[in-house]
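Going down the list, the sequences are from chains A and B.
Note that UniProt numbering gives residue 428 to position 428 of the first sequence, counting from 1, and the numbers run on in steps of one.
Note that UniProt numbering gives residue 73 to position 73 of the second sequence, counting from 1, and the numbers run on in steps of one.
No lab work stands behind these hints, which were simulated from the structure alone.
Quantities reported herein were computed from a predicted structural model and do not represent experimental measurements.
All clues given are correct.
The list that follows gives simulated cross-link-like pairs (lysine to aspartate or glutamate, EDC-like), each with its CA atoms no further than 16 Å apart:
(1) B:139 / A:22
(2) A:230 / A:102
(3) B:122 / B:28
(4) A:351 / A:399
(5) A:351 / A:444
(6) A:373 / A:421
(7) B:122 / A:12
(8) B:139 / A:59
(9) A:445 / A:345
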Amino acid sequence: MAPFLDIHVPPEILQHIVRHLDPISLIALSQTSRVWRAFINPIHHDYAQRLLALELLPEHGIVPRFDERSQKLTPSWGSSEWESNKYACCGCMKLRTHMMFDNHAILRRLFRKPPPGSVEASNATTTDWEPLELSARWRHIQDRAAQAKEELEKCRVRVADWPREYAMLNPVPHPFARVPQYHDDINHEIEAHLVGTSRHKRRCVECQRRRGNWSRPNSHPGSKEAPAAKSRQLKFPSMWERHFPGLVERLPPESVPRIWRALRESTDGIQLSLYVLCCPSCDTWQEHSAFREWSLYQFGFGSPKRPKDPLLCNRCHLAAHQDPDLLAQELTMGALEMFRDDRDDTLHQLKFGWPLIHRDFNDSGNPNPPLAKFKAVGAEILSGLRWTSSTKQDIIIEDSDLPDLGRRFQRYREFIDHEVDSETRWRVLQSWFKLWFEDYDLYEKRYHWLNKQIAWLESDVKIVLNYVLKRDPYRI
Amino acid sequence: MATNQSLKLQNTFRPNGRVFEVERSAAEHSAVVRMLLEDFDEPDLLVTIIPISIDTSDDTLAKVFEWATHHKNMPKPALDDDGDRDEVVTIQLASWDDEFFSDIDSETLYGILIATNYLDIKPLYDMAVQVVVNMVRGKSTKQIREILGITSDFTAEEEAAIRKETAWAYDGEEVPNETS
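Chain A extracted, bound-state conformation:
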């Protein structure tokens, strides 16, 4: 018969063994038998410690690193590593996805997952269980917490004082000198001693709502009937990709005109805030696109409009109205509106350069037009274009005009590339016009591509509905 640890070994040795366990094994051991349960007698604090240790296990995602100096997150937003990460909520005692937390709860210094080797990560490897009565144990926990708080405060003061000390040691005679960034050793101190030390206070949006944190006016962007929480910002190439992710395959990045990434090469989309809303019917939190009020938080401001009453998620809408056609119509209208907006933007860009070409060939409003001596070429390229007004600030085009417009542009490109001297070429191709000139084909391609997507969506009103029900892209 196998010997039993709990029968053969005296309690003082068992206590010693238990004190060496990690919080996860402590709870697992306490669940093996009545003897062990009575012996360990786990309290809420032990379960919370277990949960905080669980979130650091590799199966719940790698620990994200947030560089405070560059504000860079690794793994990046939207990557599969980031999406699969789980975070502990010590309110409902669950490991939940990042969408169930606001920015502060998972990105603030004291709430982030601690990196390996930090004080907090080391603490999570061993339980603070002690063989004491509950009251005595609780006092010990409180004492330890007070001591840790004191240490934390000292560290915070050191970190907060660092820029001032740095400025004193390295005086700069410039009143607008840049605030120095954290030095490596200060950054290391932050990572080692501060990060993650308040994780036990982290609460998911549902717990915040239930605790009444949002009872104050303007404390959250939703309404009483439809509570909402702002999470983090993500870049999307377009509004339709933000609200209907994966509905259509994206154009490859090299096909995206550079006007939308003009600020820097890495800017490949629109920065948008994500919101999660709780459906009053099924009581589940979902991404706000599931509620079909796509413009509700479009510009990142809190509650610009009051949501429709009742604001039901797609599935509850279907269950309440029993009318798939109604839902399909609403979804298709929303998607089409976004695609059409995108097409209008593209069309606007497509037309952008023509008034400038006209200005370069003619002296209307331009005292010294760079292409004035090529008036014949100008007439060849511009004659027959329909202008909105006599000032020739904008052209009127329809889909059927695009091949003709394309031919005119090819002639203009040929002219600029081969028939003008380099100095004139340099004078003409400036600033935004240069971008337009170089990316004209991309605008045209994008316009045709968007037209194709719109025609596809218009061909069957059920396409978006099927996509929503099949992929459930908003469920958290």
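Starting from the known structure of chain A, arrange chain B on it as the hints suggest.
For chain B alone, coordinates are given in the frame of chain A:
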């Protein structure tokens, strides 16, 4: 003082316990033996058999003295150095010690814990604790039961309630392994 002298120790917990002849420097790993040597007349102790009463087998004691003999030259803490018995320190086992513990079954391991606790051989006691901790660490409830030979005495209802206690940790997902 000669260090290659031998001491004779006998476990008197059971009748006819084996008499162990242990080098003095090895036996001094035990704080209890060292106190005896200090408190009593050394020549007497060296010729007489020192009785010890530990609820453990002779084979287990043999393993304890095997470890002590191998580490006889290891520095021993001063007797008045209590250290912090409650301090929780994770120990990395050296390769010889790792092999030593890999050869023994759980009954002997528990016996070593009891014997080293009685004889106050702190390094070996700490290692044995660490070995038990390593056996349990990262295991599910079911695995711990198998490893430590624990039989569940919970009723089905209690078992279900216990599973619920920690199942909430996973947000709507399958619980990975039993009650962990």
